[in-house]
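*Asks:* Protein chains in written order, with the numbering used here: chain A, 1 to 204; chain B, 1 to 204.
In case anyone wonders, no lab produced these hints; they're calculated from the structure. Check the hints yourself; a few may be wrong.
It does not matter which identical chain is used: a pair holds within one copy or between any two.
Below, simulated DSS-like cross-link-like pairs (lysine-lysine); rule was C-alpha separation at most 30 Å, straight line [said to hold, decoys possible]:
#, residue 1, residue 2
1, K71, K193
2, K193, K142
3, K142, K129
4, K94, K142
5, K94, K193
6, K142, K17
7, K71, K17
8, K153, K118
2 protein chains.
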Amino acid sequence: MKLLHRDDLYAWSSFNKERNIDFNSIAWIRPDGNILIDPLSVLSEDYEHLNSLGSVRWIVITNSDHVRAAKELAHVTGAQIAGPFAERSHFPIKCNRWLYDGEELVPGLQVIELQGSKTPGELALLLDKTTLITGDLIRGHKAGSLTILPDEKLSNREEAVASVQRLAEINGIEAVLVGDGWSVFRDGSLALKELAASLVAKCS
Amino acid sequence: MKLLHRDDLYAWSSFNKERNIDFNSIAWIRPDGNILIDPLSVLSEDYEHLNSLGSVRWIVITNSDHVRAAKELAHVTGAQIAGPFAERSHFPIKCNRWLYDGEELVPGLQVIELQGSKTPGELALLLDKTTLITGDLIRGHKAGSLTILPDEKLSNREEAVASVQRLAEINGIEAVLVGDGWSVFRDGSLALKELAASLVAKCS
């Protein structure tokens, strides 16, 4: 796994040749049990590395299109799975917990629900108020800046833009770790504000 | 290949499990023939993508430890190879041209020689005065910031620090694309200044 911008955060990735971007998964290493977010299949060397960093307590899936290897990893690690509350009636795999806006999964990991994306109540996670982790709606197709899903993928563009604006109003975000594409590791809040401004400009 | 911060720049990577970082290669797409920098082996899908973007004119190798797949790629693409002038007497493969400080390989691609790294005259390249491409000396082990080779790998730390300071004095660099680890895509000049300051602080 690749070390991210904090000593307790790692990522592993898989290149997607249709979109020419990496898909990414995150591991947050904690004394009380590690947390994986949108985990892809883990190569044997990454699994060895992950195992050496302690047990996995939770796997968070941000939306039903990001189930990826969650079930298999839950099986081999004994982790519990948490998914988006708004998808609880039709989620493709069994979850042990449903996450909704404003709660914390564990101390320091705040849950944010996004609206208007391709699935209801897609989750974003805010770690220690400084690292935003996004699943599908906010993504990075061009290195150094953020974008959102194309209009045809959104269930409601206006609501999606409002969700981005809400995130852009949070100051002090250093990094935006995206599930799909290039993450931003410097001036995350500024990148979110730039994204929100570009979406509003497109509307008007 | 992954699109970088400009529409004419792509990268492909290979994860290195000993260091837990990606090794990266760059492709600059140009009407007059594309340029590859420190190219790793190309997967078939990446090769197809690369081929679809035109012919390869030059392969630049920043130092003798980054020869990687240059020879094979030169063979299949018909590209010429350029290497560091200071290594011309002992370079592991045949080069068609030796690059030295201050010249341009093609218009817009300025050559910078770095001193004190693990090989003599390691090359850095400055593209359009805004994108710095580094081989080995400057690298990214922690996402969002830059570092240099560990002291034991340097031939002369003082000279290496002076080379970093020289780069840090160039204003207007947007991105620093590293051969090893995390590239920086926002505020590249600031990241270089932070690096230079950290090295000087370590000296004093």
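*Asks:* Work down the list of hints and note, for each, if the structure agrees.
*Replies:* Each hint tested on the structure:
In this homomeric assembly, K71 and K193 never come within 30 Å of each other (Cα to Cα): the closest approach is 35 Å inside a single copy and 45 Å across copies. In this homomeric assembly, K193 and K142 come within 30 Å of each other (Cα to Cα) both inside a single copy, at 16 Å, and across copies, at 24 Å. Taking CA atoms no more than 30 Å apart as the test, K142 paired with K129 passes in both settings, with 25 Å inside one copy and 20 Å between copies. When the C-alpha separation of K94 and K142 is checked against a cutoff of 30 Å, the pair qualifies neither within a copy, at 34 Å, nor between copies, at 35 Å.
Taking identical chains as interchangeable, the C-alpha atoms of K94 and K193 are never at most 30 Å apart, the minima being 36 Å within one chain and 49 Å between chains. In the homo-oligomer, the alpha carbons of K142 and K17 lie at most 30 Å apart both inside one protomer (15 Å) and across protomers (26 Å), since each shortest distance falls under that limit. Within a single copy, K71 and K17 get their C-alpha atoms as close as 24 Å, and across copies as close as 25 Å, so both meet the 30 Å cut-off. For the identical chains of this complex, K153 and K118 are intra-copy neighbours only, at 6 Å inside a copy versus 49 Å across copies, given an alpha-carbon limit of 30 Å.
In summary, the structure is inconsistent with hints 1, 4 and 5 from the numbered list given earlier, while agreeing with the others.
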